[in-house]
Amino acid sequence: MFYVFKRILAVIPVLGIVAVIVFLLMHLSPGDPAALIAGDTASSADVERVRHLLGLDRPLLEQFFSWLWRLLQGDLGVSVFTGLPVTTMIGQRIEPTLCLTLLTITFAVVLAVPMGIVAAWKAGTWIDRTLMALAVMAFSLPVFLIGYLFIFGFSIKLAWLPVQGFHSLREGFGPFIKHLILPALSGGLVYMALIARMTRATMLEVLGEDYIRTARARGVGNQRLLLRHALKNAAVPIVTTIGLGIALLLGGVIITESVFAIPGIGRLTVDSVLRHDYPVIQGIVLVVAAVYVFINLAIDLLYTVLDPRIRY
Amino acid sequence: MALTLAQIESRVDTEGRRPWWSFLRRHPLLVIGGVLLVIMALVALAAPWIAPYSPIDMKVLQRLQAPSAAHLFGTDAMGRDVFSRVLWGGRVSLIVGISVSLLATSIGVLIGMVAGFSRMADALIMRVMDSMMAIPGILLAVALMALLRASIETVVIAIAVPEIPRVVRLVRSVVLVIREQPYVQAAEAIGTRFHWILLRHVLPNAVTPLIVQGTFISASAVLFEAYLSFLGAGTPPEIPSWGNMMAEGRAVVQLAFNIILFPGIFLGLTVLSINLLGDGLRDMLDPKIARRL
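As they're listed, the protein sequences go chains A and B. Reading the first sequence from the start, the letters are residues 1 to 312 in our numbering. Reading the second sequence from the start, the letters are residues 1001 to 1293 in our numbering.
Here chain B stands alone, though its shape is the one from the complex:
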């Protein structure tokens, strides 16, 4: 007996409307990472309103205090409130994480497409990328910072450059596969313009792996910003960033461990949440790779 339209609709409806927790069950990493990251981002964005003290006001009389009700995370060597500084520091990490992944992926996509489509440029581009990958990312970023005036913008550039080769390799491999697909060759045969092929056929296929890659890039960018600042070659010391706070806490590590501990925990949690989100996105968007890893 044939189903009535209403019956079909009701069936489709129950298929589509799974209970809300089933998403959590199927993608626990994605949900945990996403929620944690949203909390960290909201806290950082709301810093001006929820921070109890100014992040830069020095009160020398209150220096090196242990955590208390007045100063949740204690105070640093200059009497600044560590809790307020941690909240403000999240803004730097947020800006750097987002800007680096946008910058590295967009430059990487451009170079990767050129490499994928032009045999002549390919050999040269890929040798340059191989060479860049032979230099440890932190070392390259540090070397770049030695030549740039320290600011958030230069930190973003110095961190983005070492990330470019991985994006280029990814995009190039997608282009090489897509270029041979019959529908692309058909599009070429009927005279579709080149930029249209890139936009309609290549980019959509590259978007999924790029989102995953971009997520991992922003996780490592947040870490790298802290590393650079910790080494004294990153965000200018007057800006409260987690790396700067930990660098300043070094001198008094035996007296006041809280100055290093709290920014470190926030940094670790943020990077962990982005990595979990990345793992979850990969599992959800790309089950083929997910089964292998």
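Chain A extracted, bound-state conformation:
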């Protein structure tokens, strides 16, 4: 129990350093951030107004601590462009991204784990080679190329699915899933490839163990052998990869949202970058990093369930 507590506490320094990095990004950049945020056409009075609004005219340490203090109260600051609180802007955009991310994870895990198991079981055969070749392709093909190929094929040529956009689940499950299926597929391929390769590698290792040979000698059937004996022991590294790959997945979601015109966090990021709206970018980076850290915390705590030998 003490170790669980310790693992939870370990989140604090990581998030703290993320906050410092995010804060320093704006201050270590060459040139005047206030001028950059105000834009090329701004007058010097505008630049001064932005400087004062962001508190850039105060000493660095003072800025950091007042920023941190507000951050701890859940205040991510105010957008330079819209004047709205950053938390409100993120809140408005969170739903599509959350739906897309969850659907992508589900799709990738459901496909990748069986792929990896089959590839390990049939290691060295053409099945294995084909699956792994597909995995390397998925790593290499740019997300937007896959996305546009899907749009071109399924939406424009076949007209089976809508081209772009997002429909909330409240508008019915049909339109919701129709709009998300292609983005989830194209964004999830890289993540799927990662998990499939890792599943294959750990399964291969486990399948070489003595206890697998013993089980086989005792006449344990293939299915039971793979799922009960091998997969159970390969679960920890596979789940670790699923957690660490979340960063890759969230990166992919940013691109997918642009390709499929989904009004989520990814679009908000891109819009904010083009407007040099730094408070919003800082807010998004912080929120995304926190999501990543907490998912991996949850996974670490899950290990105690998956593998009773691990004790935190």
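These aren't lab readings, by the way, just hints derived from the structure by calculation. Fair warning: there could be bad hints in the mix.
Claimed, not checked - SDA-like cross-link-like pairs, simulated, lysine to any residue; straight-line CA separation at most 20 Å: (1) LYS232/A to VAL206/A; (2) LYS157/A to ALA1251/B; (3) LYS157/A to ALA1066/B; (4) LYS157/A to ARG1250/B; (5) LYS6/A to ALA1123/B; (6) LYS157/A to VAL1184/B; (7) LYS232/A to GLU205/A; (8) LYS6/A to ARG1127/B; (9) LYS157/A to VAL1252/B; (10) LYS157/A to MET1126/B; (11) LYS6/A to LEU1124/B; (12) LYS6/A to MET1126/B; (13) LYS157/A to LEU1255/B; (14) LYS157/A to ALA1123/B; (15) LYS157/A to PHE1257/B; (16) LYS122/A to ASN222/A.
Position chain B against the provided structure of chain A, taking the given hints into account.
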């Protein structure tokens, strides 16, 4: 009966001179990836001589043409030849791929060595690296680009920074193993200078995994450059890069799919060839890991 020197020599010779295709048989990924990459690089380097048109000349009358004999890949919304632009775009990817992996590995090696040798710095450095890895690479690169004036140099920096933590972890783990080796401790005991230990003992052990890592970094750098440009936060729009071309093709995706398709295919092939090369190098240089993966 003892062998004569000539007999031994002849045996050694046949051992050493395997038929040329046996290398291909043993390392198919390496050869396929390498050959494909060399072709892509040569095409990009030769762009000024083999491109049939200027990559930036706009001929408004010839806009949005389908692929034809005159314009192999068609023309874009401003009447520029897509084929010529694709060839020129390869140069941007080539520059970014090479510079990012050099920059990220050299900075990563420096930080990793400090972390490996100094217990005090280690804890802090590794916490910072953990924190950097909590931010998705694209997001960090995009955030950096928001604060830098768009140019090829800033794109290289923005892409290299998120790659540094992985190099640091790799180098640090090598240092931690090597530091405990008896020959290094012996070298320390006889008063070998510190920088000499780094150069003679640590670096040679780190070179193999670094080459593999560096290859994978340049594959992801080529992809990231395209992603950043596609999002409008990368290479300045007046420079023909594959990401820029695809970003411009977005507006007319329903009319002229070729504008997105061809740069996308070249981008995919380039990244695929580097990844294959990386897999092949790993299999050849590091059979221990290769057997596991």
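Among the hints numbered above, which are violated by the structure, and what are their numbers in rising order? Violated: hints 6, 10, 14.
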